[in-house]
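Chains as they are written, first to last, in the numbering used here: chain A, 1 to 331; chain B, 1 to 330.
Hints should not be assumed to be uniformly reliable.
[What the hints assert, rightly or not] Here are the simulated distance ranges between beta carbons:
1) Gly35(B) - Glu310(A): 27 to 33 Å
2) Met128(B) - Pro324(A): 25 to 31 Å
3) Asp195(A) - Arg170(B): 39 to 45 Å
4) Ala194(A) - Lys98(B): 26 to 32 Å
5) Val185(B) - Gln190(A): 35 to 41 Å
6) Leu260(B) - Glu203(A): 15 to 21 Å
[Unchecked claim] Straight-line Cα separation of at most 16 Å, EDC-like style, residue types lysine to aspartate or glutamate; simulated pairs:
7) Lys127(A) - Asp150(B)
8) Lys127(A) - Glu157(B)
9) Lys247(A) - Glu203(A)
10) Lys159(A) - Glu148(A)
11) Lys146(B) - Glu148(A)
[Said to hold, decoys possible] Simulated coverage check for chain A against chain B, where a stretch passes if three residues somewhere in it have a Cβ under 8 Å from a Cβ of chain B:
12) 77-91
13) 102-110
Because the hints were derived from the structure by calculation, they are not lab data. Source: prediction; values computed, not measured. Every residue, glycine too, gets a C-beta built ideally from N, C-alpha and C.
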Amino acid sequence: MQHTPRAVAWAILFAGFSCLSSLHAADSYQIAVIPKGTTHEFWKSIHAGAVKAQRELESQGVAIKLHWKGPLREDDRDQQIQVVENFTARRVQGIMLAPLDSQALVKPVAAAVDARIPVLVFDSGLKSDKPISYVATDNAKGGRLAAEQMGRLLGGKGKVILLRYAVGSASTEERESGFLAGLKAFPGIQLLSADQYAGPTRETAYSNSQNLLNRFGRDVDGIFTVNENSTIGMTKALRDIGRAGGKVKMVGFDAGSQSIKDMKAGDVQGLVVQNPVRMGYLGVKTLVAHLQGKPVEKVIDTGVQLVTPENMSQPEFHELLYPPLSQYLDK
Amino acid sequence: MTDANPKPGSRWSASRLLTIAGPFLGLLFVTALFGLSEDLRPVFYTGASWKNILTQTVIVAVGALGMTLIIVSGGIDLSVGSVVALCSVVGARLLEHKAPASVTILATLLVGGCVGLINGAVIAGFRMLPFVVTLGMMGIARGAAKWLADNQTVNFEGDSIVVTLMERVRPDSFLPLPPGVWLAVGLTFCVAVILRSSVFGRHVFAIGSNEATARLCGIPVRARKVMVYGVAGLFFGLSGLLQLSRLTQGDPSVAAGLELDIIAAVVIGGASLNGGTGSVMGSVIGALIMAVLRSGSSQMNWPNYVQEIIIGIVIILAVGLDRLRQSRAS
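When you get a sec, could you build the whole thing from the sequences and use the hints?
In structure tokens form, the structure reads like this:
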């Protein structure tokens, strides 16, 4: 008979489940925070900011339970849709979402709003008027800052590459078009390539950068990359071919700890830095304000700044470059 | 499971009952597990929650219908995820060019069917390993999808009937379910009947149990194999259509690794990768088990790695049980 081993197997599974089910917490204002992924440091900073807001609100007597949950397969739109649907069914009081795609997440968000769960969109836009607010970096401005820095570094002339991130990601597309618009102020700068994509992981960014440099490595004078992974991957690829250290001017986006190391080492000449801690913090505060019936701004800009090797040691950048993650996150 | 060479007598029917009930008991078990959490109980057993789970199962379940045919016949298909992406891009391109819904649906299914026919023809014609052929097709179809989509997502204007296939109206209540769910339920019954009762279905079991014997019995093994992959391809095309409906866009990078979910569903449902055993109901329940686990652990707010580990354990357990069953049978 085959049911005996089956029973044993299910019993083992059951035991495992029983341990895990003790993880649940008491109910309160339940807020689901859904990032695009969970492995980037950027998202960890968002998480830290959300926890910061949670603690602050708790000290004011508003109990918040945060559900931090990214898509199971990172950068898989369908998986993120599932997470939104699950929290809609879970009947949380509010959802904070960084949509992986400005189109694909429209329907699930509409369904959540239909179920009377307010949705706040952060980091990256959504082609919908249902969200209560959009809390994000002014990404086009970030792209323009990068273009200005590139123009300064190259003295207004040279050949540059724009490595894009992924199609459908609104935030990075705004950075890309902001950069291209900003470059128009420098007629002496020629664009070698602006149609390659870094892809979702550090590994895809690295190998796509290698391919790009294989083709243009000798000619290129400056490179702009639009997020954490592509900045790290491209810098690594530049080092491999001995063109790092300022031979090719490297301007990146986001303050990953590796990028900051690379800047200290002289391999990165500019980083456009967002304020993810502030984004997570303002997201939760805004959503809770809405839940309490207070009016909220439709668009909230969380700020963007250019960090260079010259100004990186200034105290006002310290928290941006070294976000106090351990203060808010367990590990 | 359906036994290829049923032995007469009461012992057979008892064990058969048990194996059919196995996946179903598994489903009840995982469903009950999430009731252990007081936090989750009031929200997990709601119509809204089950509407969710069913909607999330559909794409894997429809794929599992096709995959069950293939696995029962002793084959495997690794190209499903890529075929789903390709079909979703084809559908999106057609909608982008204002093709009517009927043309879009038909073309999407046919693309899936054609890819399946090619797989089957190469496997049967050149006597190549299905693993290798479909591994190759996995790359070809994925590449074709990206090519056809210009390496971007394909967005179309307007609301087509295609988009409403997976649309959840009134997310608060169980009914109405999206049409895609009903479609999957209907197809499940059709395929179950065809596999159990039609000549074609019996041939599929015979080929999977012992190909040489099947050939000696006069079954046109090659033709049947081509047919199996072709029919399965139609289901994968339908999965692609449903994926398109769900994302409301054609995404060439979607469904990477979906084939593994589908194979896992079929295996959890009691099929053997050696061929000759498997049941359509079991496979669909296998897909449901995984969806319940995913939705439940997501709602429990367990970190993703916990979900991945649990689903991995379930797959190994299911295959381990299959091995035990095999060794006892022989």
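Right, here's what the structure says about each hint:
no. : hint                              : result
1   : Gly35(B) - Glu310(A): 27 to 33 Å  : violated (60 Å)
2   : Met128(B) - Pro324(A): 25 to 31 Å : violated (58 Å)
3   : Asp195(A) - Arg170(B): 39 to 45 Å : holds (43 Å)
4   : Ala194(A) - Lys98(B): 26 to 32 Å  : holds (31 Å)
5   : Val185(B) - Gln190(A): 35 to 41 Å : violated (59 Å)
6   : Leu260(B) - Glu203(A): 15 to 21 Å : holds (20 Å)
7   : Lys127(A) - Asp150(B)             : violated (22 Å)
8   : Lys127(A) - Glu157(B)             : holds (13 Å)
9   : Lys247(A) - Glu203(A)             : violated (23 Å)
10  : Lys159(A) - Glu148(A)             : holds (15 Å)
11  : Lys146(B) - Glu148(A)             : violated (34 Å)
12  : 77-91                             : holds (count 12)
13  : 102-110                           : holds (count 4)
Against the hints set out earlier in the document, violations occur for numbers 1, 2, 5, 7, 9 and 11.
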